[in-house]
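Colleague: Relying on the hints, combine the two individually framed chains into one complex.
Protein sequence lines correspond, in order, to chains G and Y. So for the first sequence, this note's numbering puts the first residue at 1; every next one is plus one. So for the second sequence, this note's numbering puts the first residue at 360; every next one is plus one.
Rather than coming from a laboratory, the hints here were simulated on the basis of the structure. Don't be surprised by glycine CBs; every beta carbon is placed ideally from N, CA and C. All clues stand as given, with none of them false.
The calculated label-pair distances, taken between Cβ atoms and stated as ranges, are: (1) Y:Val-435 - G:Glu-69: 56 to 62 angstroms; (2) G:Gly-113 - Y:Phe-419: 35 to 41 angstroms; (3) G:Glu-135 - Y:Leu-407: 35 to 41 angstroms; (4) G:Gly-113 - Y:Gly-375: 42 to 48 angstroms; (5) Y:Pro-394 - G:Asp-27: 41 to 47 angstroms; (6) Y:Gln-405 - G:Tyr-115: 32 to 38 angstroms; (7) Y:Ser-576 - G:Asp-118: 28 to 34 angstroms.
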Amino acid sequence: MVMVRLESISKSFAGKDGPVSALDRIDLSIAKGEIFGIIGSSGAGKSTLVRLINLLERPTGGEVFVAGERVTDARGERLRELRRSIGMVFQHFNLLSARTVARNVAYPLELTGRYGKDEITEKVARLLARVGLSEHAHKYPRELSGGQKQRVGIARALACEPQVLLCDEATSALDPQTTGAVLDLLRQINRDLGVTIVLITHEMDVIRRTCDRVAVIDRGRVVEQGPVTDVFLHPRHPATLRLVREAEPDGGSLEAISASELGSSTVRLTFTGPNAHRPILGRIARENVVDYAILAGRVGHIREAPYAQFIVSLSGRDIAGAIAGLRASGVDVELQGGPQTEQTAVTSPRVGERALHVV
Amino acid sequence: MSFENIYWGDIAAALGQTLAMVGGALLLTIVVGLPLGILLFLTGRQQLFQAPVAYGSLSFVLNIIRSVPFIILLIVLMPVTVLVTGTSLGIRGVIFPLVVGTSPFFARLVETALREVDRGIIEASLAMGASTSQTILRAVLPEALPSLFAAVTVTAIVLVDYTAMSGAIGGGGLGDLAIRYGYHRFQTEIMLVCVAILIVFVQLIQAGGNRLVTHFSCR
Ligand SMILES: Nc1ncnc2c1ncn2[C@@H]1O[C@H](COP(=O)(O)OP(=O)(O)OP(=O)(O)O)[C@@H](O)[C@H]1O
Ligand SMILES: [Mg+2]
Chain G
1 MVMVRLESIS KSFAGKDGPV SALDRIDLSI AKGEIFGIIG SSGAGKSTLV
51 RLINLLERPT GGEVFVAGER VTDARGERLR ELRRSIGMVF QHFNLLSART
101 VARNVAYPLE LTGRYGKDEI TEKVARLLAR VGLSEHAHKY PRELSGGQKQ
151 RVGIARALAC EPQVLLCDEA TSALDPQTTG AVLDLLRQIN RDLGVTIVLI
201 THEMDVIRRT CDRVAVIDRG RVVEQGPVTD VFLHPRHPAT LRLVREAEPD
251 GGSLEAISAS ELGSSTVRLT FTGPNAHRPI LGRIARENVV DYAILAGRVG
301 HIREAPYAQF IVSLSGRDIA GAIAGLRASG VDVELQGGPQ TEQTAVTSPR
351 VGERALHVV
Chain Y
360 MSFENIYWGD IAAALGQTLA MVGGALLLTI VVGLPLGILL FLTGRQQLFQ
410 APVAYGSLSF VLNIIRSVPF IILLIVLMPV TVLVTGTSLG IRGVIFPLVV
460 GTSPFFARLV ETALREVDRG IIEASLAMGA STSQTILRAV LPEALPSLFA
510 AVTVTAIVLV DYTAMSGAIG GGGLGDLAIR YGYHRFQTEI MLVCVAILIV
560 FVQLIQAGGN RLVTHFSCR
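Looking at chain Y on its own, in the form it has when it is part of the complex (with noise of 0.2 angstroms):
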């Protein structure tokens, strides 16, 4: 094994790329994931506006999402992709899926970080003369902020994982880089730079996530 035939140019440019589709895919999870979270936790038993059917509905397709392997979620969803996106090739293809395989995950996540919230302080904000929007924006979502950077910080993990996922299929990044001479063309030590990388980009989402949570922490 030798380090010296490493392309550190194209390490450089894919890293790029994953940085691109993990923060690019989850800045829309959050956009997509946050309301539905939400939704799911006003609609949900003894909620604000408990509605069965609605919260039925919404966690049914949701779970079908959840429960697809994100590779056959990939493949199924090229058609509407390109639909979408106009290419089911490159960063710009593989933003679409990739929020769609996380959204339902990330909203769940939010669904258990609000009902975590203590029912006391909802029931003090309405008794306060709050609006349900009110209560939701100024009390429910500060108080569950700790809970809500932790879910981000699961959700961009689990985004790592996914974009080296869609490399294999033409997205490009670290995964894509790897896979490509690490498997394709048994060059080993560019695979382990590869992963090296990753598991470091891995660690650092981790600590700065528990950082957050920790600054927004004030029980």
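Next comes chain G alone, as it looks inside the complex (with noise of 0.2 angstroms):
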């Protein structure tokens, strides 16, 4: 079932010489239950994007649906009623500094003034206690770390039991183990109460980490999309190439590479899942009397899911066979070199175009 469908939605802001651009026909599909990420450099049109879909921004051309609903130009009770089933989860955490934790958790529940105050009570130590902080309850927000500050946030977002979660750079503002554990924690919500997360991020490695499915977006536009083992292995626009690149610890040397021709013998090796765990390179090499160099790679999981990627380049005997034998095996093979490929048109990364997207 699809939770959020964005139908050729367009926006654009009144600038100083007539409208600005910020996002341009841009369809996206959510499905009930999945972590979809949203991924784009600085100024792509990602908080715009997410906006739309609660509405606190409206579009200029296009449908929203919540839940098959449409709900574009809802106004007045409906659209407070959309908002409630919607919660949201700030880069600054945007909590009220003069209640205290519990009372910030409290505020979405009391303006619906559907409930009594023991009920609310009951409510609040229970979202409290979901997100690891009942011991700080009657804690005011400055004395309070980044990441429980944004436990504070996800827990007053999960307050009105929404249906969709929305998450707007929610780990930017933290430290590499905060991240960590804040994306473990809406990992675990979703998991448990089945909401539908989308996470907005600049950085692959929070994708890589936590979500299902992925859209890039590149100056306004949808530029990729789909399952993230699909788009994180095998990126194919250079803006994703670049997203991909910069969450490399040697600033991706497996593309680069890539990008100068090494021969008709040099293919791209791709093992997911077991196939990452097995020994299938060297007995394949062994069985088809190829050697082989590894010229290139990387090591890691998406999600819980084992991933390895090498380019290698085959010589020897039967390369052919070699091929074949691991496509038979489950591997990934994707022929390097030669014209065709779309890496010729990628450079390696230059000093000047990484630092425009460290944000």
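Modeller: Next up, the structure:
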């Protein structure tokens, strides 16, 4: 079932000399219960896109559907009801500094006017327990660390039992360790409550660790989308390549090497799932009497699933047989080199270019 | 100079009048100025009910009142004051012009205080399904409380100043006493006592205001 659907959404803002387009005919479908990532570099239009889902921003064209219902021009009580069914988590937390942790979480419940005092107290206690903040209920936001503040933000966003949780750079103000903990919490919430999560980020690592599917947006357009494994291991669009490279420890030698032609015996091998742990390459090489040199590679996990990806130069007797053998074992083999591949267009990362995307 | 022929009874009465004028006018200034300030805030650029014409007109009127020196405002307003309160004399006659004089000032301070509230908080409130009035009453005003108390403090001190002036044209209070005895009858010591009391009064207002501001600052 589709939870959120954007249909040919455009958004432009009034600028000094005429309207400035921020989003251009975006089509997206987000399934119920998935964690959907939206990634793009700064200014790509991610925040604008996510704010269109709960209509903090009105589209200049196109339609928004939530849970099968067209909500594009919802107003008044209908709009407020819609927003209650969509929680939102912010980069800078946006907590009420004049309220304690518990009263921050109570805020959305108070707004509805539907709950009695005791009911609110009880709900708040349960929410705080879920995010592991029970001991801090009576502290003020200024007394909390960034990670704790974001947990309050998450508890608050869950208060009205939303179907969708929008997270706009929810971890961008946090250190790596806290980021990991907050992402784990989001995944746990997704698993336990079945809440659909839309996660905005400019870091591929966040997507890799958390999301089921991802859309890459660049200058207001969706340039690539699909399961994270596909997009992360087989990036096609230059914007995606750039984001993947940023997530690589050495700046993405893998993509860089594939750019420089290495001859027709160079292949990119992708092992996913259990294959990532099996001794396939050595066996196939022996069986077909070929030698191989690993030119570049990366190994890691996409969510829990391991992957390994190598650029390998093959030489010896039966290269074609080796490739067929690898494919038969479930390894994804892409022939590298030759002017027809899209990687030819990709040059190695330039310092200036990369600096632009470090936000 | 001798402090023997000081009429302490008169001074006590004048202090009572000053307190009544400042207190009454402050209360009414808040009642009038707070909504005006909220209106300025809401209709301002990039705000919830952005309305350039409404904002511009209100802003223009408030600025006109603010640019008229208070002593002149007092005189100009006299007929209106009589119409509204029945007299232009005494505490009753003075509170009306005082409120007219300070409300625009207070409204501006309120506007500034509300604008200082992080936009993210307003956005979060709306995203949680709050209406505009809920957002103002439950999020923006509480967040701005320290600045609002600071605004009330400054306004109270301005009111002390204005009451002294209005005293000169028949309002009573410490300022009036100081001018009547100190200026017209050359009894400098009475003027000195009045001024000393006003100094203490202003200090107390400031100290009280500061305490409130600190108490409500949760950042
Ligand atoms: N209220 C606004 N008025 C005018 N232009 C805007 C407004 N909001 C966003 N824009 C423009 O729309 C484009 C997309 O902005 P947006 O905030 O969605 O980007 P983003 O991908 O979230 O970037 P970042 O990673 O920096 O948060 C930018 O060019 C921005 O200048
Ligand atoms: Mg953004």
